[in-house]
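J.: Based on the sequences and whatever the hints tell you, model everything.
Protein chains in written order, with my numbering: chain A, 1 to 368; chain B, 1 to 183; chain C, 1 to 346.
I should point out that these hints are in silico values taken from the structure, not numbers from a laboratory. Quick reminder that beta carbons are idealized off the backbone N, C-alpha and C, glycines included. Be careful, since some hints might not be right.
[Unchecked claim] Straight-line distance between alpha carbons at most 30 Å, and here's what the computed DSSO-like set of lysine-lysine pairs gives:
1. K166(B) / K83(A)
2. K142(C) / K151(B)
3. K225(A) / K127(B)
4. K174(A) / K83(A)
5. K101(B) / K83(A)
6. K7(A) / K127(B)
7. K325(C) / K186(A)
[Said to hold, decoys possible] Distance windows between CB atoms, simulated:
8. G200(A) / E45(B): 35 to 45 Å
9. S124(B) / D185(A): 20 to 30 Å
10. E64(C) / R177(B): 27 to 37 Å
11. I58(C) / E275(A): 23 to 33 Å
12. L341(C) / D185(A): 36 to 46 Å
13. T188(C) / G200(A): 41 to 51 Å
[Said to hold, decoys possible] Some, not all, of what chain C presents toward chain A, calculated at C-beta under 8 Å:
14. K142
15. V219
16. S228
17. E229
18. V231
19. D275
20. V311
21. F314
22. R315
23. D317
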Amino acid sequence: MAQDYVKINIGPSHPAMHGTLRVIAETDGETIINAEPEIGYLHRGVEKLAESMTYHQFIPVTDRLNYCSAIPNNVAYEMAVEKLMGIEVPEKAQLIRVIMMELSRISDHIVCVGILGVDIGALTPFFYLFIQRETIYEMFEWYNGSRLTNTFGRIGGVEAPLFPGFEQKWIEFKPELMKAIDEMDKLLTHNRIWMDRTIGTTAFSAEDALNWGFTGPCLRACGVKRDLRRDEPYCMYDKFEFDIPVGKYGDVFDRYWVRMIEMYESIKIIDQAIEMYKALPDDAPLMAKVPKILKASEGEIYSAIESPNGELGFYLRGDGSDKPYRLKIRPPCYMVYQAFGELVNGEMVADLIACLSSLNVIAGELDR
Amino acid sequence: MQLLERIKGCLGGLIIDISEFHGDIAVEVDRFKIVEALTRLRDDESLSMNFLSDLFGLDNKAFYEKPKKKAKKGDAEGEEEEKPKELPPRFEVVYLLLSLKTNERMMVKIRVPEDDLEVSSVTSLYKAATWPEREAFDMFGIRFKGHPNLKRLLMWDDFPAYPLRKDYPLEGRGEERSLVYGD
Amino acid sequence: MEAWGVALIKVVFIWAWTLIIATLMTWVERRGSAMIQDRLGPNVCGPFGILQPLADGIKLFTKEDIVPEKAKKILFALGPIMFALPAFSAYAVIPFGDKIVIGGKEIILQVADVNIGFLYIMAIGAMSVYGIVVGGWGSNNKFSILGGLRSTAQLISYEVPFGLALLSVVIIYGTFSLREIVLHQQGTFLGFLPNWGIFKQPLGFILFIVTAYCEANRVPFDLPEAESEIVAGYHTEYGSMRLGLYLFGEYVNMYTLSALMVTLYFGGWHIPYIDMSKFLGPVAYGIASFLVFFLKTCFFLWLFVWVRWTVPRFRYDQVMSLGWKSLIPLALLNLFITAFLVQLTI
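T.: And the structure:
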């Protein structure tokens, strides 16, 4: 009897609907009978815009996709264009990209894990981590002048070497960061209430996850050991040593835990990358030879990287001009979020919020 | 190329066209056979393309109408009348596949003519196609037969056009001005 | 019987005092959370931002009073009043000090020493939920109704262990009067411990503090106003001083419950091992007992803040199962053991 259910409209303006998401949920008391996410409130037509912009001009637009971690978006796009043009990026530039991307991954996971805490009612750990995120943003700012929308890198390399004192800054920052993550770990992970709230909540099986196109931490939480950094190495990721954490049940706790471990792994990668960076000569090239006006030949490519959220792919088709003929972004959380209705079915309203935060749905890349 | 051979072996007669560009293989298949092609690719032991990474539409209108370098000015008028017959179907739907076993990727595409925009949905194979198909419908007007809930995804329900088509202007046509809010 | 004037002074004093404490608590909460979270907190208004509550008050009073068009106007207006009134009146039976002698007259530092103080607290405490439900219903907002319903369910489940925990105390002291319970807690217990309720009722205290957090709608039981889930719960539609009353009532409730904890389990105005009345003059003793009581209360008020910013929030069904499956059996067990032991010792 449908009229016995209460339809509640969560979002687009709701404190827990990050940005502009909207879920229409039919509830029986507090239990969700049917939830349907509705998207498009942040649709800016990025793909249409790309068709009227040159390859270079589009880089700043990619910042606005996943605004919590702009750098992997920039790099993913640049790598796609480089693949389309057949440009080989120098080693030094690749290392800088790795360092910046991993820093960005940490900052993205900080946001995700912190907000998950906030949405479950623990506000304090969020602040412990956000102070560290501030330092990461400071480092971004010192490198390329902006904090949130970095517009990092160029097609064919990066614009500048790491700023002097970067290593020193990192050495000072690393223990602080690890302490903050540890503190969060101590406050939440084994907290009884936290465990009750997260373990078993919106669990998802590995087959379902693959069928729905999950990637990234959400897929790894389901127990599938898949990480593009290891499976389809790019940017010299095959030369680094790092573990890929996997969960088991695909519930909120596993997603949280995978992200927590990944932060430690990213720290390991940055350490190694800085060592490799130091071993390179000072005058090693930062940019490949790139023509002033980039013109792609006719052809189509797809290039993907492991962004903090999962597989971030760019499909590009060139038509011989200096603008992409068609650009398609494959945002990681888009695929994850479409399964949202199935994920939260039968759970409670409070779980819906927890699930949403643990998926780390960013409206910018969801709607594009 | 090994992957190329395997794909040819798997799909056989279904292939209309196959191309490789910077290592990315794109296979064109008949649009009525897309479900069969994807099933075969998924179930093939040597390929096991079992992950649908993405699906999207593409409008070739501007590409076809772009003046070709080789075309001489004198012939242009004569060619104009012949062109519509030669033109391949206007729209494409591209399926990005990935094999989790071998970590290989490939693209499968189908061409959809403007006068018959219906293709079969692959949501029965991959649930991941649910929203991408809705988006392709939203942006290009390609209808997917058998989709559980085919309605607009990003634009509002009454939006009168298909914005990613090449004949839709970048700045829009001012549809938002006629948008009615509330009841 | 006391003179009318004295009673009036006490009423006004305790009313103003509660108001001041509640106001200051908003500041303590903000500064405290800032301290816990490595932030600064309000630090502009006055020294250490102590005038911030005043600024907040002015803001709340002068804001436009918005009533949603489709709200049930009478209920909407009634909600905050129904919530704040019981909160303010609950303190009447709780002592805030021993007694003070002014001009040869002995004045008990308690508004009313009723012999059924317990029942009064329970009855008045349960009243406040009507304010939440009525406000939630009157708002004509689904989130508000959800908040109101959560609050009702919470109160029904937690009033039982709350009452049972209190009943164990009554069995031990054999009285319903809160003042007499405090008087019983003087001296030592088993020769070395202070004769406080907590040492006689350790389990009872744990049950009491858990249920008290639930009664006060504080984290981890702040489900009725869980801002990340149901926007702001029952006060989603409220603004200006109507919202102020809700927020205020919450802090007053906290103060009442903290004072109750001190009264029942932490010896009221007694300092362990020291009898202040022996070496202090009657006036000084009155003031000292008041201060001791207040300091103890402050600790529990701070505990409220501390817990608020440390733990996450329960889910609705978990609150229910905790209440019915854990707390009520434990409270019954505690009651049984207490009764048994009391029977043995008599």
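J.: If a hint holds in the structure, say so; if it doesn't, say that too.
T.: Verification of the supplied hints:
For the given pair, K166(B) sits about 25 Å from K83(A) by alpha-carbon distance, which is consistent with the 30 Å threshold. In summary, the hint linking K142(C) to K151(B) is supported, as the alpha carbons are separated by about 28 Å, within the 30 Å threshold. For the given pair, K225(A) sits about 21 Å from K127(B) by alpha-carbon distance, which is consistent with the 30 Å threshold. A hinted pair counts as satisfied when its Cα atoms are at most 30 Å apart, and K174(A) with K83(A) does not qualify at roughly 34 Å.
Taking the CA atoms of K101(B) and K83(A), the gap is near 23 Å; set against the 30 Å cutoff, the hint holds. Only pairs whose Cα atoms come within 30 Å are accepted, and K7(A) paired with K127(B) is accepted, the gap being roughly 25 Å. Simply put, K325(C) and K186(A) have alpha-carbon atoms about 28 Å apart, close enough for the 30 Å limit, and the pair holds. A hinted range of 35 to 45 Å for the beta carbons of G200(A) and E45(B) is consistent with their spacing of about 36 Å.
Taken as a hint, the range 20 to 30 Å is violated for the pair S124(B) and D185(A), whose Cβ atoms sit roughly 43 Å apart. The hinted range of 27 to 37 Å is satisfied by E64(C) and R177(B), whose Cβ atoms lie roughly 32 Å apart. About 58 Å separates the C-beta atoms of I58(C) and E275(A), a value inconsistent with the hinted range of 23 to 33 Å. Between L341(C) and D185(A) the beta carbon distance is about 43 Å. The supplied range of 36 to 46 Å therefore holds.
In this structure the hint that T188(C) and G200(A) lie 41 to 51 Å apart at CB holds, the actual value being about 49 Å. A cut of 8 Å between beta carbons decides the hint on K142(C): the least distance to chain A is about 5 Å, and the hint holds. With a cut of 8 Å, the hint placing V219(C) at the interface with chain A holds, because the nearest CB-to-CB distance is about 6 Å. Checking S228(C) against chain A: minimum C-beta separation of about 4 Å stays under 8 Å; hint holds.
The restraint placing E229(C) at the interface with chain A holds, with a minimum CB-CB distance near 5 Å, inside the 8 Å limit. Because the smallest distance between the Cβ of V231(C) and any Cβ of chain A comes to about 6 Å, under 8 Å, the interface hint for this residue holds. Because the beta carbon of D275(C) sits about 42 Å from the nearest beta carbon in chain A, more than 8 Å, this interface hint is broken. Nearest Cβ of chain A to the Cβ of V311(C): about 6 Å, under the 8 Å cut. The hint holds.
At about 6 Å, the closest approach between the beta carbon of F314(C) and any beta carbon in chain A falls short of 8 Å, and the interface hint on this residue holds. Contact between R315(C) and chain A, as hinted, is supported at the beta carbon level, the nearest pair being about 5 Å apart and thus within 8 Å. For D317(C), the interface hint holds, the least distance from its beta-carbon to any beta-carbon of chain A being 6 Å, beneath 8 Å.
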